[in-house]
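Novice: Sequence:
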Amino acid sequence: MPLRQYQPTATMIKILKYSFYDLMRSRWSYVYFLFYLLLGFVLLFLNNELSKAVITLMNVIIILVPLIGTIFGVMYFYNSKEFTELLLAQPIKRSSIFLGQYFGVAGSLTLSLVLGLGIPFTLYGLFQSNAIWDFSLLLITGAFLTLIFTAVAFNIALSNENKIKGFGYAVLAWLFLAVIYDGLFLMSLIVFEEYPLDNLSLIATMFNPIDLSRTLILLKLDISALLGYTGAIFKQFFGTNMGLFMSIFMLFLWTVIPVWRLAYVAKRKDF
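Just so you know, we're using my numbering here: the sequence shown kicks off at 1 and counts up by one.
Check before you lean on any hint, since a few could be wrong.
FRET-style restraints, in silico, Cβ to Cβ [to be verified]:
#	residue 1	residue 2	range
1	Phe-127	Glu-194	46 to 56 Å
2	Met-24	Phe-176	46 to 56 Å
3	Leu-115	Lys-17	15 to 25 Å
4	Leu-253	Asn-199	13 to 23 Å
5	Thr-56	Lys-269	20 to 30 Å
6	Arg-27	Glu-193	20 to 30 Å
7	Phe-176	Trp-133	12 to 22 Å
8	Lys-269	Ser-129	13 to 23 Å
9	Ile-164	Lys-17	46 to 56 Å
10	Lys-52	Arg-268	48 to 58 Å
11	Arg-27	Asn-199	22 to 32 Å
12	Thr-122	Lys-163	16 to 26 Å
13	Gln-128	Ile-203	35 to 45 Å
Straight-line C-alpha distance at most 16 Å; calculated EDC-like pairs for lysine to aspartate or glutamate [stated by the list, open to error]:
#	residue 1	residue 2
14	Lys-81	Asp-22
15	Lys-81	Glu-193
16	Lys-52	Glu-161
17	Lys-269	Glu-161
18	Lys-163	Glu-49
19	Lys-269	Glu-85
20	Lys-267	Asp-22
No lab work stands behind these hints: they were computed from the structure. Please read these numbers as outputs of a predicted model, since none were measured by experiment. Beta carbons: idealized from backbone N, C-alpha and C, even for Gly.
Working from the sequences, and respecting the hints, build out all of it.
Specialist: Shown next, in the form of structure tokens:
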């Protein structure tokens, strides 16, 4: 029986549940979960203090989570193309179809991340430690990065029918934000070192969700000196609390804008 057009929210939730359970049955979801589970136990074994393990884990989360979100998002979009075409033949809002699939993928990845890291840290006495807030912020940041880069991957795949091009553009987007962007930013600071670049540095950091996430965590850990020039500017302009608020707000915008574009393009694309 076809789903009714006038129930977009209910339809999206049904598609979300299907995508979520479909991915949870996938072996790659278990591999992703087991990887973080093993990583958590290894880091806690090597570090006597939970706070040190959180700092070490940050460097992994900042780079790996966006990459996994990007690859999983593109893979799921192309692998479920036939099912998507079947849904498009039904009287269902297009935005409900793609948003349901997106939230299903992002939700399953986020759950694997939270459980994979949460179990070992909980067993090592996280709730009796002062590091619980730092660890919670790390998971929140990881969830934001999952939502952001999965949305970016869906946007890229939706805009490219060719699977090879879609994969290439998605990996290039991750590579640019994770590596190339920082290199260009540092080169600009060196070239224009004689000019006041405070505002430029703040804006440049906000335009990169990976740098923004790193700034957010380091401000909370009160070790923003590790960010060098950028960290000092964030603390000078915003202070720790205001800096945290601004970082979370910008990550929220980074999440909302790609999701909005996904719904917008889905409504107007000719399938």
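Novice: Which numbered hints does this structure break?
Specialist: 2, 5, 6, 7, 8, 9, 11, 12, 15, 16, 18, 20
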